[in-house]
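Asks: For the protein sequence lines, the chains are W and A, in the order given.
When we follow the numbering used here, the leftmost residue of the first sequence carries the number 1, and every step to the right adds one.
When we follow the numbering used here, the leftmost residue of the second sequence carries the number 1001, and every step to the right adds one.
These aren't lab readings, by the way, just hints derived from the structure by calculation.
Mixed in with the good hints, there may be bad ones.
One-sided and incomplete, this derived list gives chain W residues near chain A with beta-carbon spacing under 8 angstroms [said to hold, decoys possible]:
{"id": "1", "residue": "D9"}
{"id": "2", "residue": "S80"}
{"id": "3", "residue": "W86"}
{"id": "4", "residue": "V88"}
{"id": "5", "residue": "A90"}
On a predicted model such as this, the values are computed, not experimentally measured, just so you know.
Backbone N, C-alpha and C define an ideal beta-carbon position, used for all residues, glycine too.
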Amino acid sequence: MEHQWRNADWNSIRIFLAVARLCSFRKASEELGMSVNTARRTISRLEDQLGYLLLFREAEGVRLTDEGRRVVLAARDVESSVSDMWRVAAMAEREASGPIRLAITEGLGSFWLTPRIVDYMNDTGAQNRVELQCAMRSVDVLRMEADISVQLEMPNRPELKVKRLGYLHLVPFASTSYLEQFGRPKNVADMVNHRVVEQQTDQLRGYELDKIFGPKIAERMVRMKTNFSSAHYWAVAKGAGIGLMPNYARAIGGDVEHIDLGFDFRVEIWLATHPEVAKSARHRAFIDFLTDSFDDKKFPWFGADTMTPEEIEKQFSREDLKSYFEGFTARS
Amino acid sequence: MTLRRLSRPVPETVTLATQDEHDRIAMLIMQLDMALALARTKGLARLEAHLEAAIAEARGLHSKLLN
């Protein structure tokens, strides 16, 4: 009997299920909003196609044949399974096209990740709206302030899913004009006669110059303070003083020079996600993209070992670096 | 294509235990055909493709049983 079902249409099966449930062509046709004749004709055509009777037509109503009973059981199973699949598929589609809320420390967000996100959007057909929240503080992903956080301090809540993405190496830079005017310090001791631009945020300690030079001298040295990476970058690039910036700072495009004082500050870059968020396919795909964006095999300046700005420029062509950083500022 | 079968009493309730291999595959093919009809109605193109593949496999298995 099974081969006659090859060209069955679901509408016939749906009418048959209604007639079988209500034991009546009339009641079924009322429920389905069709004429009794159409319902009768549809079932007769189905029986002709199958080659066996599904219903006994009797004066008091209809009664299922053995085959009819078997078909009802099979069709109900199918109806509920396909409906489940449909629901799951619809949910998956909704889930896949939802937004992604990323909180990231402002400097990494603006200078490094934004151009990468544009590539990600193009690669994925901009299926998801990316809500980029460049934050000065670590956002609380447990309280769902964001779905994913990229931050410069290790997340300390055990409930979070965390992963170290890489390292940020901060080294001293100053503008060419500043160095021409005030000279280039040769060592840390020389710094006492220089102006310092300091960036201090919740996530990034200040330079703690007071521990090296004492509070009085440190106070005199720091001539500008900011909490914002782009303001800090501009201040250094425009000659306000010497500031610590990522070792790739020259590639961003400002007229800045590395001052080799024989040290760097290494800061860890962490990713934190809510455990529920980590179950979502769109977020998992985005986390893979973030992991890739800080992969030290491709971008060795995020590696554990210090890479000086000179080594970066030696290893990567100007064009490569330009394509990575896209010249956030115009090089003078 | 008709399979010659021994006549058996019709059970009150059909369960896996009251079915032989032929019954089970026949039921499976019928359900897959129905699911395909429903998938077409709902426009689930990817599901249609999966069901068509499953039907082909079940029919192959059925032919093997017959021969």
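Asks: Have a go at the W/A90 hint: is there a Cβ in chain A nearer than 8 angstroms to its own Cβ?
Replies: At 10 angstroms from the nearest chain A Cβ, W/A90 fails the 8 angstroms test, so the hint is violated.
Asks: How about W/D9: closest beta carbon in chain A under 8 angstroms, or not?
Replies: This hint holds: W/D9 lies near chain A, its Cβ roughly 5 angstroms from the closest one there, short of 8 angstroms.
Asks: Does the closest beta carbon of chain A sit nearer than 8 angstroms to the beta carbon of W/V88?
Replies: 11 angstroms, violated
Asks: Can W/W86 be said to touch chain A, with a Cβ gap under 8 angstroms?
Replies: 6 angstroms, holds
Asks: For the hint on W/S80, does the least C-beta distance to chain A fall short of 8 angstroms?
Replies: This interface hint is violated because 11 angstroms lies over the 8 angstroms limit.
Violation of the numbered hints given earlier is confined to hints 2, 4, 5; the remaining hints are satisfied by the structure.
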